[in-house]
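Single-letter residue listing:
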Amino acid sequence: MKFKILNLLLIAVILSSCENDDPISIPNSTLKDIGDEKVWVVNEGGFQNGNSSLSILTKESTNIVNNVFEQINDQKLGDIFQSIGFYNENAYLVVNNSGKIEKVNRFTLESIGAIEGLTSPRYFLGVSETKAYVTDLFENAITIVNTSSLAIEGKIKTSGWTEAIKAFEGKIYALQASKSMIYTLDAVNDVITDSTEIGLPSPNSLEMDAQGNIWVLCGGESWNNLKGGLVKFNNNLNKLETYEFSSFSSASHLSFTNDGDSLYFLFEGVKKMGISETSIPTSSYIETPSGASFYSLGIQPITGIIFIGDAVDFVQKGKVYKYSASGSLQQTFDSDINPGRFYFD
Amino acid sequence: MVWPQAILLSQEVDSIIQFKPIEIIENRWNIFGAGTKTQHLNKETIYKVPNQNLGELLTQNSHIFIKSYGMGSLATTSFRGGSASHTAILWNGINISSPFNALIDLSLIPASFMNDISIDYGGSGGLWGSGAVGGAIHLKNNHQVNQGFSAEMATSVGSFGQFSISSKAQFSGKKSSHQIGVLHQTAENDFQYYNPFSKNEETLQNAKLSNASVFSSNEFYLNSKNRLTFSIWAQTTNREIPPTVIEKTSKANQFDESLKLSTQYVRTLNRNLKLFIRGGYIKEYLEFNDSLRSIYSYNTANKLVGETELIYEKNNHALNFGLNSSYADALGENYTARGNQKNIAAYAGYRFKSNNQKLNISVNLRQAQQNGVGVPITYFVGGDYFIFNWLKVYGNLARVYRLPAMNDLYWIPGGNPNLKAEDGLTEEIGLSIELPNIFNAISLKHKSSIFNRNMQNWIIWTPQGSVWSPQNLLEVWSRGAETSTHISYRKNKWQAKVGLNTSYVLSTNQKTNSNKDASLGKQLLYVPMYSANLNAAVFFNRIYLSYQHQYFGYRYTTTDNTQYLNPYHFSVLGAGYSFGVKRIKIETSFTINNLFNSDYQVVLNRPMPLRNYQIHLIIKYRKP
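Residue numbers (my numbering), protein chains in the order written: chain A, 1 to 345; chain B, 1001 to 1624.
What the hints contain is simulated information worked out from the structure, not anything from laboratory work.
Where a beta carbon is used, it is the ideal one built from N, C-alpha and C, also for glycine.
Possibly wrong hints are sitting among the right ones.
As the list claims (entries may be wrong) - Simulated restraints, written as ranges between beta carbons of each label pair:
no., chain 1, residue 1, chain 2, residue 2, range
1, A, Gly-291, B, Gln-1456, 16 to 24 Å
2, A, Glu-169, B, Tyr-1194, 29 to 37 Å
3, B, Lys-1314, A, Gly-291, 30 to 38 Å
4, A, Thr-332, B, Tyr-1547, 48 to 56 Å
5, A, Gln-331, B, Leu-1425, 38 to 46 Å
6, A, Ser-195, B, Asn-1200, 41 to 49 Å
7, A, Ser-149, B, Tyr-1194, 42 to 50 Å
8, A, Asp-194, B, Gln-1510, 31 to 39 Å
9, B, Asn-1513, A, Gly-274, 26 to 34 Å
To be verified - Capping the alpha-carbon separation at 20 Å, the derived lysine to aspartate or glutamate pairs in EDC-like fashion look like this:
no., chain 1, residue 1, chain 2, residue 2
10, B, Lys-1516, A, Asp-334
11, B, Lys-1260, B, Asp-1290
12, B, Lys-1283, B, Asp-1256
13, B, Lys-1522, A, Glu-287
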């Protein structure tokens, strides 16, 4: 009797609890909404998972299309999509752990080819019709690439890992993260013409404000008990101000609105600071909602709309939040994994 | 014998040297683990394919999902939906999990160094302490008196430059027993695979492996009341780490070196009382180089274990009491001087066995402490009951825990010294049928289990700003069912065996920080919901033919279950012939792995080989 009861129990439990293990299918997004004016969302994916992807929000930003690169080109993008560089009618998708840069048409998103054989590329800056610079995590050099032949043409030696690279008013600036330096480069002779110590650890982003000053955001190194902060230079790289953070939290994604009057960045939420303010605001412009992991920030230049990427637990599809310029949440989108950066067309 | 042993394939039927455990109580499990499902792998199974590693052996013969990163690469366990650190692995009673990360690379354990491997399914933290959450694996060097001298040499040659050679010798007399073994392995692992990213056939690069291992176990029968055992196991492994299918190249390599010592002294104090004193020492050195990523890391860990136990047995009752203490430290660039752990545990057990031997009940308690901080008291309550002599029901209830490892606490950057132990509750019931002799030819054994486990404070590493750091975040609910069925038939010179293991495991995340987190209620990463393996063999005289089939269902690679690896089938066909010349016996066999050319991945983007071949030769010598 006991045998029967147990057997029945066993069968009942197995039958009732068995679930179909077929994975959840995601409806395919359509590409027809993508126009010329769009928001590019860089989904990094997970390290060695090869699941990075490009998402596109339309201009009015009411719809998101995920996995655009693969849908258009029938080819996976690669491992860890880091950033995008734009030059004329082309976009250059920097795929970090695949060691390559995919060149696509900026409007059709069709693949034109790839620059391969890079070590660990981070950011791309086009400096002429055929020449671009690529910063690198694991190489003590900025790589010179030919954007027409897609070949590597040379290296500019650096003293360590290089991060963001930007051009302001015809001058090229790059951040050297491991020793915390800011470089200026001569794009004709491919040499570093100046290097200045930043003074705070782990610089990761830089922007120029309305007065022509350059702001560098430093992430800090909590594991070494070093705080990050903001450092302001004039365009000759003379240091004007240093604002150290009051805690060891990390900071990233320095962004400006189109007018160049206020800077925004991620640091315990979204901080907004006027360029003439003399201290880092203690309260957040946008608080991190409970359970969210703010992972990226971008300000749409014309509208001032604030886009924030939420990585959730870093191992699932992320979220993109669209906030009005005044900081109220307007819409939430489901992106792909680890939305890490926004670009605007 | 209370537990039916799993029927397992044997290469030859005629000359099985029956292995009998020595009469001494060799661990507390035999007495105090009533109500648990145990699977016993005997020598015939362990040695069937010579020079296999433990990961390969368990994939083919158990319910444990082995997460293998590729041929010869890292292999970890997922036991009943648990994490890799939820399996306690003990060698001669000493927990040998790495002090660094509380897990073990099963690809580095030469199965052939052990002559007895048993697997305890389910939580047994009350008996084995930290990590015995999904189950426990006991690796043993058992000894017997008066077996004379025997020696063997085994070699395997296979596709992709696989080569291994091992020698073992054992001698036992009245006063002592000795075992010694050496193993050397090399492999190129330069197999071809289809790369879904490049859409090309590619050859795996940077995947070479070279390993040398040595062990010796010695038991001394000092007199009728005192027995001393001493074992040593040392090995060095140099592995290249191949690129994933996404990466063009890899220049990474890993060097592992380890030394393990275990000793046990048993004193029979009187007819009912025995004293056990055990000691263990583990040294691990791990070097990882990746010139492409500028990583050069060198870390060393030491672990020292001491244990004293008293076991009292009289009539229907048995009692035990023991103290276990361990000290571990880690040195290296990723640890500060604070990187050490001091663990103490006190445990006690009681077992009752009815006069008619039908009922067997045990209760165990264990109180552990890490670096002076108490862990919730753990227990194990289990029992089994023979309804008929062929049918037994069993069940248990256990509280389990897993202490944070050195990396969790002290890794720089990110280590979190404030972590609590993971802890949980497990329950299981099952039945076991054993019909050894149907029509004088057939033997049938069957076990079914259903289990449930709720874990809290489950540790995961998540980014805290730019640094990954471990937190006591998840609550995980694991439940499922397992069946194992073994039928064998024997008539004259013919023998046939079929074994089928099936598993159904749901292991879901029950807690998230926000309602936007889609991982709530979803299956954990890399836990297949369905898996099964089938072993079949036919023997005629000195020839055998065997077939093995494994199935693993979807394994998710994102916590929202939107990305996954496809289910796969994996088959092995084997054939063998053996013959003897006087005291020498020669066994030859041939295996075809991945018979049906299945294109599969166990771990995302880590390629696995298509059909490949191995030839094995074993030469045995025995002088009684």
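These are the hints, each one checked on the structure:
no. : hint                                  : result
1   : A/Gly-291 with B/Gln-1456: 16 to 24 Å : 18 Å, holds
2   : A/Glu-169 with B/Tyr-1194: 29 to 37 Å : 50 Å, violated
3   : B/Lys-1314 with A/Gly-291: 30 to 38 Å : 58 Å, violated
4   : A/Thr-332 with B/Tyr-1547: 48 to 56 Å : 53 Å, holds
5   : A/Gln-331 with B/Leu-1425: 38 to 46 Å : 43 Å, holds
6   : A/Ser-195 with B/Asn-1200: 41 to 49 Å : 43 Å, holds
7   : A/Ser-149 with B/Tyr-1194: 42 to 50 Å : 30 Å, violated
8   : A/Asp-194 with B/Gln-1510: 31 to 39 Å : 56 Å, violated
9   : B/Asn-1513 with A/Gly-274: 26 to 34 Å : 33 Å, holds
10  : B/Lys-1516 with A/Asp-334             : 10 Å, holds
11  : B/Lys-1260 with B/Asp-1290            : 28 Å, violated
12  : B/Lys-1283 with B/Asp-1256            : 11 Å, holds
13  : B/Lys-1522 with A/Glu-287             : 28 Å, violated
Going down the numbered hints, you'll see the structure goes against 2, 3, 7, 8, 11 and 13, while the others check out.
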